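A.B. asks: Go by the hints and put chain R onto chain A.
2 protein chains.
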Amino acid sequence: MSGYITEEIPAEELTRQIERAREIGDSVRSLVAATVVTDVDDDDLAEARRHIDAATEILERRRIDASFGLRFNSDGRLRNWGNAVEGIRNPIAPPVEFHAEPDHVWSELHLGPQYEGPPGLVHGGVIALILDQVLGNAAVNAGAPGMTGTLTIRYRKGTPLGSLRVEGRLDRTEGHKSFASGTISTADGLCAEAEGIFIMPRWARGLDASRQMGVGDA
Amino acid sequence: MSGYITEEIPAEELTRQIERAREIGDSVRSLVAATVVTDVDDDDLAEARRHIDAATEILERRRIDASFGLRFNSDGRLRNWGNAVEGIRNPIAPPVEFHAEPDHVWSELHLGPQYEGPPGLVHGGVIALILDQVLGNAAVNAGAPGMTGTLTIRYRKGTPLGSLRVEGRLDRTEGHKSFASGTISTADGLCAEAEGIFIMPRWARGLDASRQMGVGDA
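Quick mapping for you: the protein sequence lines, in order, are chains A and R. Everything in the first sequence is counted per my numbering, starting at 1 for the first residue and increasing by one. Everything in the second sequence is counted per my numbering, starting at 1001 for the first residue and increasing by one.
In isolation and in its complexed conformation, chain A is listed as follows (with noise of 0.2 Å):
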């Protein structure tokens, strides 16, 4: 499969490039969330637009292939920037930055006004976004990865904008599926709840587990 990348690059040198992967991406993250609610007049949005077609024209300088892929450094760091999720130099992703624990993986996130759907409220779409996500970590983490076969949403009640917490665990496996759960909430309790089926595509069953993780990035 194309878009898996193995690449050798020192470990003191990767960890600066994800600090500066970091920078960009939290810097255009505060840029879409200011274009979502600005209120500023006809000359300022030109100028702001100046400014953002000049960075644009900087970073395309010089890129890598159509898409970022999944690259696996030698020293067993994973990079999935461009992931919609998890991705550091993705601006679309908050990002959700997961930890594992044992038997299940969970995460605090904050969502600006960039993930509305209804007013004052995450869109319906990006809670399934986030979930699936969750969940397919759940399924990497106890060793099981899969691409999303089937993905359920029940939402309890509006999510709003702002102070989140995801949860996701594996529950069983069958065979080359992996039925996996999670939930989305707030202070105030559960706003949305959500079943996955992870599938384990026939290319990746002859993988050693390092490179079967990728699967997870769905």
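In short, the hints are calculated from the structure, not lab data. Among these hints, one or two may not hold up.
Residues on chain A that point at chain R, a partial pick, calculated with CB under 10 Å [said to hold, decoys possible]:
1. T38
2. D65
3. S67
4. D103
5. I127
6. S185
7. G189
8. R202
9. R205
No experiment lies behind these values; they were computed from the predicted model shown. Don't be surprised by glycine CBs; every beta carbon is placed ideally from N, CA and C.
C.D. replies: Coordinates of chain R only, in the frame set by chain A:
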């Protein structure tokens, strides 16, 4: 409900504002994609960041509320610029522009590197995000809007980044529940299917139809 705002913007002025919103939204979209796939050195990254932060500072000179909300104009047009799928001024949104037919809604869209999950493929959660909006809009289009209650996605094969077509239709209603379904496909065939149940919230049941429409912005 707060965030549902009625405005009286003269038609010509609103048309002009829409043009400006689309321009700045598109500029930031290009920047987002460039950020994901750039391969420039640290000096260029720093130079780009100076422009990005300058643009953010300009846009933050004056801002609206914590989020954009839904703004109904007296000429019948709805501004949902903050919507994570459709919002023209939300750089996270592709944005998806829907076409309404008598019995279904559809759109053709292009997804760039910022929507990646597995290498070269659309993130499974992004597929759920877009299908949630498609199904919600199908319910609105059929005069039976609601907030997402349950959403189920079945992934048939990996969806490549690039050009896609989405479709959604209302299958039936039961009281305040609307049952909708939809698909996402490429020229090579079906990639994923969705079913959803959309529920008209209690507070919206007394509103006239034009205001209920905003309920579909799931």
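A.B. asks: Of the numbered hints stated earlier in the document, which are not met by this structure?
C.D. replies: As far as the earlier hints go, 4, 6, 7, 8 and 9 are violated by this structure, in ascending order.
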